[in-house]
Amino acid sequence: ELKVEQNPLFLSMQEEKNYTIYCNYSTTSDRLYWYRQDPGKSLESLFVLLSNGAVKQEGRLMASLDTKARLSTLHITAAVHDLSATYFCAVDIGGSGGSNYKLTFGKGTLLTVNP
Amino acid sequence: NAGVTQTPKFRILKIGQSMTLQCTQDMNHNYMYWYRQDPGMGLKLIYYSVGAGITDKGEVPNGYNVSRSTTEDFPLRLELAAPSQTSVYFCASSMAGTQYFGPGTRLLVL
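Those sequence lines, one after another, are chains U and R.
The working numbering puts the first sequence at residues 1 to 115.
The working numbering puts the second sequence at residues 1 to 110.
If we strip away everything but chain U, and leave its shape as in the complex, we get (with noise of 0.2 Å):
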C-alpha cells in the first residue's frame, strides 16, 4: 500500500522567510503532483513532477522531485501572506507503467504566512 507523508504538517512562517515542504512515499513513483487548497475551496494544480530531477517553478514556490529518495521538495522563497493555504502532495502510484491515474494525496501541510 502506498503511503504518502508530508511534513510539516502545520507552518507558520514569517513574510519574507524561506521555508521547505517536503514530501515522502514509499512505492516507485516518477508521477508526482502539487495542489493548493484555500479555506473551504476546491484543488488547484500547481506543478506535475513526471520525472526523476525534474524541477519546475512559479513565482515564489519551487518543486523538485527525487525519484531515488522517493522524495518531492516544495520550496517557499520569500513568503507572503498570499501563499497561505494547504498544500497537498500526491503520487500516481502506476508511475511510468501505466495507470488509470489514481492519485494517493498527503495530509497536507496548512501553511500560514505572517506579516
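Derived from the structure by calculation, the hints contain no laboratory data.
Do not rely on the hints blindly, as some may be mistaken.
Covered stretches of chain R (chain U as the covering partner; in silico rule of three or more C-beta atoms under 8 Å from a C-beta of chain U) [what the hints assert, rightly or not]: (1) 39-52; (2) 100-106.
Simulated pairs of lysine-lysine, BS3-like, Cα-Cα distance not exceeding 25 Å [said to hold, decoys possible]: (3) U:Lys17 - U:Lys68; (4) U:Lys17 - U:Lys56; (5) U:Lys56 - U:Lys41; (6) U:Lys107 - R:Lys57; (7) U:Lys107 - R:Lys9; (8) U:Lys107 - U:Lys41; (9) U:Lys107 - U:Lys68; (10) R:Lys44 - R:Lys9; (11) R:Lys9 - U:Lys41; (12) R:Lys9 - U:Lys3; (13) U:Lys56 - U:Lys107; (14) R:Lys14 - R:Lys44; (15) R:Lys44 - U:Lys3; (16) R:Lys44 - U:Lys107; (17) R:Lys44 - U:Lys41.
Pair ranges (Cβ atoms, derived) [as the list claims (entries may be wrong)]: (18) R:Ser69 - U:Asn114: 47 to 53 Å; (19) R:Gly16 - U:Leu71: 44 to 50 Å; (20) R:Glu79 - U:His81: 41 to 47 Å.
Note that the Cβ used here is the ideal one computed from N, Cα and C, for glycine as well.
Position chain R relative to chain U; hints supplied.
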C-alpha cells in the same frame, strides 16, 4: 468551458436517507474520480472511472455507488446515509495525468 461542476454545494441528510451527488465535466476527459476530504486527512479516493460504462472501487468505497453512462457525467450515490459520511466530496477529471477538481459538495448527515 465550465470545467468540472458539482451539485449540490451543500446538503443536510438524515440518517438512512439517500441522495445522489452530481458531477459533470465538459473537457471530454476519459478519467473521472470521486474523493472525500475529512479534516486533517487529505483526500481519499472513493470510486473512479476510466470511461463510459467502466467504474472501479477506490480506497473507501463502502456505502457508495457510482455509474458512468456518458463521458460527461459521473454521479455518486449514497444509499443509506450514516454520520460517518459527513464530509466534503470532490469530483475530479483528467485526460492523462493532472486531475482537475470541481468545487465540492459539503454533506452533513445528522
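Hint-by-hint comparison with the structure:
1. Using a Cβ-Cβ cut-off of 8 Å, 8 residues of the stretch 39-52 of chain R lie near chain U, which meets the minimum of three, so the contact claim holds.
2. Given a C-beta distance limit of less than 8 Å, the hint that chain U covers the stretch 100-106 of chain R holds, as 5 residues qualify and 3 suffice.
3. Pair hint U:Lys17 plus U:Lys68 does not hold up; C-alpha atoms about 29 Å apart against a cutoff of 25 Å.
4. For the proposed pair U:Lys17 and U:Lys56, the alpha carbon gap of about 20 Å is at most 25 Å, so the pair holds.
5. Restraint check: the Cα-Cα separation between U:Lys56 and U:Lys41 comes to about 24 Å, which is no more than 25 Å; the hinted pair holds.
6. Proximity of U:Lys107 to R:Lys57 is assessed by CA-CA distance (about 21 Å); at most 25 Å being required, the pair is judged to hold.
7. Using a Cα cut-off of 25 Å, the hinted pair U:Lys107 and R:Lys9 holds, with the two alpha carbons roughly 23 Å apart.
8. A hinted pair counts as satisfied when its Cα atoms are at most 25 Å apart, and U:Lys107 with U:Lys41 qualifies at roughly 16 Å.
9. Distance restraint check for U:Lys107 and U:Lys68: the Cα-Cα separation of roughly 22 Å lies within the 25 Å cut-off, and the hinted pair is therefore satisfied.
10. Proposed proximity of R:Lys44 and R:Lys9 is supported: the alpha carbons are some 19 Å apart, at most 25 Å.
11. Our distance criterion of 25 Å between C-alpha atoms is met by R:Lys9 and U:Lys41, whose separation comes to about 11 Å.
12. Restraint check: the Cα-Cα separation between R:Lys9 and U:Lys3 comes to about 30 Å, which exceeds 25 Å; the hinted pair is violated.
13. Between the alpha carbons of U:Lys56 and U:Lys107 the distance comes to roughly 22 Å, so the proposed pair stays at or under 25 Å and holds.
14. Among the hinted pairs, R:Lys14 with R:Lys44 is consistent with the structure: their alpha-carbon atoms are about 23 Å apart, no more than 25 Å.
15. As the CA atoms of R:Lys44 and U:Lys3 are separated by approximately 12 Å, the hinted pair is consistent with the 25 Å bound.
16. Restraint check for R:Lys44 and U:Lys107: satisfied, since their Cα atoms lie roughly 10 Å apart, inside the 25 Å limit.
17. The hinted pair formed by R:Lys44 and U:Lys41 meets the criterion: a straight-line CA distance of about 17 Å does not exceed 25 Å.
18. The hint said 47 to 53 Å for the Cβ distance between R:Ser69 and U:Asn114, and at roughly 50 Å that hint holds.
19. Checked against the hint of 44 to 50 Å, the C-beta distance between R:Gly16 and U:Leu71 comes to roughly 46 Å, which is consistent with it.
20. For the pair R:Glu79 and U:His81, the supplied restraint of 41 to 47 Å holds, since their beta-carbon distance comes to about 44 Å.
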